[in-house]
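S.K.: Here's the letter readout for the chains.
Number of protein chains: 2
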Amino acid sequence: MTQYSAPIADLKFLFDDVFNFYEHYQKYPEYQEATQDLVEMIMEECNKFCSSELSPLYQSGDKEGCHFNDGEVTTPKGFKESYQTYVEAGWQGLAHPVEYGGQGLPPSIGLVRTEMMATANWAWAMYPGLSLGAMNTLIEHASEAQKQCYLPKLTSGEWAGTMCLTEAQCGSDLGQIRTKAVPNNDGSYDITGSKIFISAGEHDLTDNIIHIVLAKLPDAPKGTRGISVFIVPKVLVNDDSSLGQKNAVTCGSIEDKMGIKASSTAVLNFDNAKGFLIGEANHGLEYMFTFMNTARIGTAMQGVSSSELAFQISLPYAKERISMRSLSGIKKPELEADPIIVHPDVRKMLMMQKVISEGGRAMIYYAGKIVDNLNLAKNEKEKAKYDDQLGFLTPILKAFLTELGLESANLGMQVFGGHGYIKEWGLEQIVRDARISTLYEGTTGIQALDLLGRKILMQRGHSLQNFAREILGYCKDHSMISDNPHGRRMNKFIWPLSKAVLNWQQYSLRLALKARKNRDIVGTASVDYLMFSGYITMAYMWTMMAQKANEKIAEKPDNIEFYRAKVRAAEFYFDRVFPRIKSLSTTMMSDPKSIMRLDDDSFSFL
Amino acid sequence: MTQYSAPIADLKFLFDDVFNFYEHYQKYPEYQEATQDLVEMIMEECNKFCSSELSPLYQSGDKEGCHFNDGEVTTPKGFKESYQTYVEAGWQGLAHPVEYGGQGLPPSIGLVRTEMMATANWAWAMYPGLSLGAMNTLIEHASEAQKQCYLPKLTSGEWAGTMCLTEAQCGSDLGQIRTKAVPNNDGSYDITGSKIFISAGEHDLTDNIIHIVLAKLPDAPKGTRGISVFIVPKVLVNDDSSLGQKNAVTCGSIEDKMGIKASSTAVLNFDNAKGFLIGEANHGLEYMFTFMNTARIGTAMQGVSSSELAFQISLPYAKERISMRSLSGIKKPELEADPIIVHPDVRKMLMMQKVISEGGRAMIYYAGKIVDNLNLAKNEKEKAKYDDQLGFLTPILKAFLTELGLESANLGMQVFGGHGYIKEWGLEQIVRDARISTLYEGTTGIQALDLLGRKILMQRGHSLQNFAREILGYCKDHSMISDNPHGRRMNKFIWPLSKAVLNWQQYSLRLALKARKNRDIVGTASVDYLMFSGYITMAYMWTMMAQKANEKIAEKPDNIEFYRAKVRAAEFYFDRVFPRIKSLSTTMMSDPKSIMRLDDDSFSFL
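Protein chains in written order, with our numbering: chain Y, -12 to 593; chain S, -12 to 593.
The hints are simulated quantities; they were obtained by calculation from the structure and are not laboratory data.
Keep in mind that the hints are not guaranteed to be accurate.
For chains that are exact copies, the list does not tell them apart, and a pair is met inside one copy or across any two.
Unchecked claim - Distance condition first, Cα-Cα at most 25 Å in a straight line; then the derived PhoX-like pairs of lysine-lysine:
#, residue 1, residue 2
1, Lys539, Lys368
2, Lys504, Lys319
3, Lys580, Lys539
4, Lys479, Lys504
5, Lys543, Lys(-1)
6, Lys463, Lys569
7, Lys501, Lys569
8, Lys67, Lys504
9, Lys370, Lys209
10, Lys372, Lys167
11, Lys543, Lys67
12, Lys543, Lys504
13, Lys410, Lys261
14, Lys569, Lys479
15, Lys(-1), Lys318
16, Lys(-1), Lys64
17, Lys167, Lys410
18, Lys501, Lys318
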C-alpha cells in the first residue's frame, strides 16, 4: 500500500535547471566524473533499488519490529538480504573518498541516495545512515592509522557504525555525561558507562559495529569542555584488519517506541570496553559539531521524506475515493459521487503536501551544494565561509522541515478520513515514524536556540546578513527593473519575499537589542523565529523554482505541464503558506513576561 | 506513568464563578436537585472512580488491545470489572430521565462525568459513550414502547448501544449507504448489509448491544433523503424484557488501528437481521443531526482530555528533569543543571497545554449550559434558539478543540524530548489516541463546511450575529467605560477580542458575497475560517475567566494564586495564541484559484 517511486522529474529539475549542479561539479577537478549522464543513471538505479527492495519492507518491518534476545538484535525479515544487496552495489561509499574504497562523488549526490532510501523506508535507512555519521567523524578527526583500520570496511558497508552520545540523565545537555574513559598503558582506554537511544546500536546486518562514543577522562574538566570521543568497536580489529576478540560492549535492551520500529534503538553497556581516542582529549563537543551538521541535514531529509511518501499515497486515494458532489457543480456525473480531489479542502491538503515536499527538497539540495563546496574548500577562509552558510541553514532545515514533514504526514492521513487511522494504508505509520524527527538530533527547541542564540546573536547576524544579501540580490536581478523577461509574472513572488527578508533583518536586530536587557527573549522567541526563518527560506526556493519554470515554459517544451505546475505550486505557497509569517512575527516579538511570569507552582492546581 | 487526577479546582471555578451553573439550575424546576453540594460531591466521587479504576487501565489497555476470536471480542484485562463497578454506581444514567431509571440531572453534569472518564481512559470511555449516543437517539425519536423496551437497561448500563452509520464505500457521504431494510408482515424489518468502523460494535462488557442502524427501504428515494434508522439488537428482546434469540448480526473483524486500541472498532455484518424502524421512514439523516450535536461535543471533549492528560504528565516531568542552565542565570545551583521548566521554550509548551486544556474546558461547559437549556426548552421558539446556538458552536468545538488537543498532546511529547517517543511514559499513546479525534464524527474539513456552508451562509449569518452580539455586549459591559472596577486590567483582553469579533462579522459577510460568485471559496476558506472562529471563541472564554479571576483576586481569598494564574494564562493566550488569527484571516480570504487551478493530473509527475 505504500509503494514508493522516486520523484526523478523533480530531482532533475533541481539538478539541471534550478541549481545548475552540473556546472557546479565541473568547477572542481575532483568532481569531473559527476556528469549529468552519470548522475541521472545513479538516480534511475537507486530508484530501482529503493522501490523494489526497500519500499516493500516498509510496512512489514514496522509490523514485525526488531527482536531482542539475550543481547542480540534481529532485524525484520528481508532487512539483512536487502542490506547485502546494498553493500554489493556499493551504494554506501558513493560519496566517500576513493582512497578508502569509495566512489568519491560529491556529497550532494550522496543526498540523492539518502533521499530515496529515506522515503522508501526510513527505518531501514537509519542503519547505513548512522554509519555515515560514524564515517564522517572518522574522516574529519581520526588519525590516518585509525582511518586505514576502520574506513575501508565502513565505506564498503561490510561494517556499520553508530554515534553513542545520549545517557539516561542527559540528551541535549552532554556536559552531564558520566561514561568514563580510563587510559591504559598501550594507548587504549577502558570505557565504562551506559548509553541509551543508540540508533542501530545492535543489529544483525554486519559482522562488526564501530561505535563512536562520548566519554570523560578521569581528569577531564567539568561540563562540555571535558568530553572526549572514542572508537569502541563491537568486535576488536586485529592488525591485519581481521576480526579479533569481542569487546566488552553489550546491548542491554532495545526500546519499545511509537514508530521507526524496524530501527533498533539500543541501550549499550560498556564495561571496561577497549576504546581508542579520536583526535585530542577534551575536544569532543567541537568534533561533534562537525558531525552534527550532516546528521541534522539527514534528519531534515526525514521531514521531506515523510511528506513525500504521505503525498504519494494520499494523492491516488483522493483521485479514486468518491464522496459527495463538488461545490461548484457535479464533476463526474457517471459516478455515484465525485472523487474527493474535487473538494477544495482536500485539494488544499494535497497542495500543502506538494509544496512541503518540493519546497523542502529544494532546501535540502540548496544546502547540499554548500556541503559540496565545504568538502573541497581550498583554504581556511573558504572553509569558514561555507561552514557559516551551512551552520546557519542547518537548524532551520532540521527543525522547520521536520515540523512541516509531520504536518504534511498528518494531512496525508486527514485526506483518508477514518481510513487513515487503520494500519493497512500505511499513513498512520508515516505519522508515527515522522514523529521522532522533531525530537532526535536536537529537538525543535534546541535547533531554535542554536539558530537565534548561536547563529544570530553570537555571530552578530553575520550569516543572516550574507543570506539576506543573496536573496535580495536574487530578487533585484529577477525583478521587472532588471529586464527579467518574466519579471511581471515574478512580481507576486519577488515583492512579498523581499519585504519579508527586510523584516527578517529588522526583527533580528530588534531581538538582539531586546536580548541585551532580557536574555529570556532568546528562548521565548526562538521557535517562532526559526519557523519564521524557515518560511522565508522556503519562499526563496519557490521563487527560484518559479523563475526557472517560467523560463522553461517560454521554451515550450514537451513537459510544459510540469513547469506550469511548479508556478501554480509557488502561487499556492505564497497565497496559503507564506502568510503564516504574519502571526509568527507578532508572537516572536511579544514580551517574554507572559511566558516567564507564572510561578512554577501555579501551572496546575490539582 | 499516566496517573490521572481530575482538575476539580478548575471545574469548580467554571461551575461556581464563571458560568454560575447553580443559579442556572435553580431556574428549572427539573434541576432543583442539582445543588452545589451535590455537584461537588459528584465531582469528588467521579474523580475517585476515574483515577483509581480507569486511569490504571489506560496504558495496559493499549498494550493488550482488544481480542477478536470467531466473532467475539474480548476487551483488555480489567475493562469488564471496571465497567461493572461503573454500572453498579449508576454513573451511566446520571443525566438521563428518571422514568427510565436515570437520575435526571442536567446534561452539563453528565459532561463532568464524561470529561473525567475521557481523560482517565478515552478508549474505555468510548463504550459507555457510544451507548449515550444510542440512548439519546431513542429518547428523541423512538416510540414510547421502544423506549420502555430498551431505555431502562441502557440507562442502567446493563446493555450497551452503538451507532452504525459508516459503510466501506461511504463515511461522510451517507447518501451512498447500501444497507437494505425490507419490511416484514409483523412491522419489523429485515436488515442486510455491512457496516464498518463501528465503535464498541462488539465487546464482552454487556449481555446485549443495541445497534442503531442506518439503512434504506426498497422504495427509498436516492441519496440522503432515503435514509431510515433502525433498532437492531444483538440479542432480540422478549416482550417481558428478557433476552431472546440471538439476532443475525455478526462481527466480521475488528480494525488494527494507530491508537484507541482498547476500544473495539468492528465490522458488523447484518444478514437479514431483525430491525425496528425508529420514527418515520426516510427521516434518518434528520434524526442523525440531533444525535450528532451531542456526539460531536463528546468528541470535542476528546480534544480537551488529550490536552489535559498530556499536561498532567509533562508538567511534573518538566519540574524534575534537569538539563542545561537557565538563559537568565543559574536557578538551582545545588543541582548539576536546572529543571527544564526554567527554559522559556519549555514553559511556552506547558503554557500552551494549559491554555488549551482550560480554555477548551470552558468552551465545553459553555456549550453544556446551552444543552441544558435546549433539554428543557419550553416551546418551539426556545428550542429553535438554543438549537441554533448549539448548532453554530458544535462544529467549532469539535474541529477546533480536537485540532488543538492534538497539538497539545504533541507538545506534551515534545517536552519529554526523545523520552516522549518511548511507550513507557504514555505520551506517545496520548498522541496516537488523540489522532483519531480530527477524523471521526466528521473530519475537520466536514465540520468546517458545516460551519461556513450551513451555519453561516445558509442561515445568512444569523447565529453568528447573535453570538457576536453576546460577546460585544460582554466586552462593553466589562470595559472601563462601564465602570467595571477591573476595567483597566481587562483592557488588554477586551480590545483585541472586540476588534476580532468585528472582523469576524465583516469577513463572514465578505465570504458570503464572494461565495455568490464562486462557490469554491466556501471550501477553500472553510478550515481556516473555522480555526479563526475557534480562536475567537476561546478568547471570549479567556476574557470571561480573567474577569472572574480579577473579581476573586480583589476579595483576597486563600487560593488567590489560583486566580492569579488564570489571569496570567489569559495574558499568555492573548499574547501567544490569539495572534494566529492574523495569518488565518489572510489565508481564508485568499482567492480560491491557487487551490483550484491545478489540473488533477499535474499534482505529481512520478
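S.K.: Hint by hint, say whether it matches the structure.
M.R.: Status of each hint after checking the structure:
Taking the closest pair of Cα atoms, Lys539 and Lys368 never come within 25 Å of each other, the shortest separation being 37 Å inside a single copy and 64 Å across copies. Taking the shortest alpha-carbon separations for Lys504 and Lys319, only the inter-copy value of 22 Å comes in at or below 25 Å, while the best intra-copy value is 63 Å. Only between protomers do Lys580 and Lys539 lie at most 25 Å apart by alpha-carbon distance; the minimum there is 22 Å, versus 51 Å within a single protomer. For the identical chains of this complex, Lys479 and Lys504 are inter-copy neighbours only, at 24 Å across copies versus 39 Å inside a copy, given an alpha-carbon limit of 25 Å.
For the homomeric pair Lys543 and Lys(-1), the shortest alpha-carbon distance inside one copy (18 Å) is at most 25 Å, but the shortest distance between copies (69 Å) is not. In the homo-oligomer, the alpha carbons of Lys463 and Lys569 lie at most 25 Å apart inside one protomer (23 Å), although the nearest pairing across protomers, at 29 Å, exceeds that limit. In this assembly of identical chains, Lys501 and Lys569 lie within 25 Å of each other by CA distance both inside one copy and across copies; the values are 20 Å within and 24 Å between. Taking the closest pair of Cα atoms, Lys67 and Lys504 never come within 25 Å of each other, the shortest separation being 57 Å inside a single copy and 60 Å across copies.
When the C-alpha separation of Lys370 and Lys209 is checked against a cutoff of 25 Å, the pair qualifies neither within a copy, at 30 Å, nor between copies, at 71 Å. In the homo-oligomer, the alpha carbons of Lys372 and Lys167 never lie at most 25 Å apart, since the shortest distance is 36 Å inside one protomer and 72 Å across protomers. Neither within a single protomer nor between protomers do Lys543 and Lys67 lie at most 25 Å apart by alpha-carbon distance, with minima of 47 Å and 69 Å respectively. Taking CA atoms no more than 25 Å apart as the test, Lys543 paired with Lys504 passes in neither setting, with 57 Å inside one copy and 33 Å between copies.
Proximity of Lys410 and Lys261 under a CA criterion of 25 Å is satisfied in neither setting, with 44 Å inside one chain copy and 33 Å between copies. For the identical chains of this complex, Lys569 and Lys479 are neighbours both inside a copy (17 Å) and across copies (20 Å), given an alpha-carbon limit of 25 Å. Taking the shortest alpha-carbon separations for Lys(-1) and Lys318, neither the intra-copy value of 34 Å nor the inter-copy value of 53 Å comes in at or below 25 Å. In the homo-oligomer, the alpha carbons of Lys(-1) and Lys64 never lie at most 25 Å apart, since the shortest distance is 34 Å inside one protomer and 55 Å across protomers.
Proximity of Lys167 to Lys410 under the C-alpha cut-off of 25 Å is found in neither arrangement, the shortest distances being 44 Å within a copy and 29 Å between copies. Taking the shortest alpha-carbon separations for Lys501 and Lys318, only the inter-copy value of 21 Å comes in at or below 25 Å, while the best intra-copy value is 56 Å.
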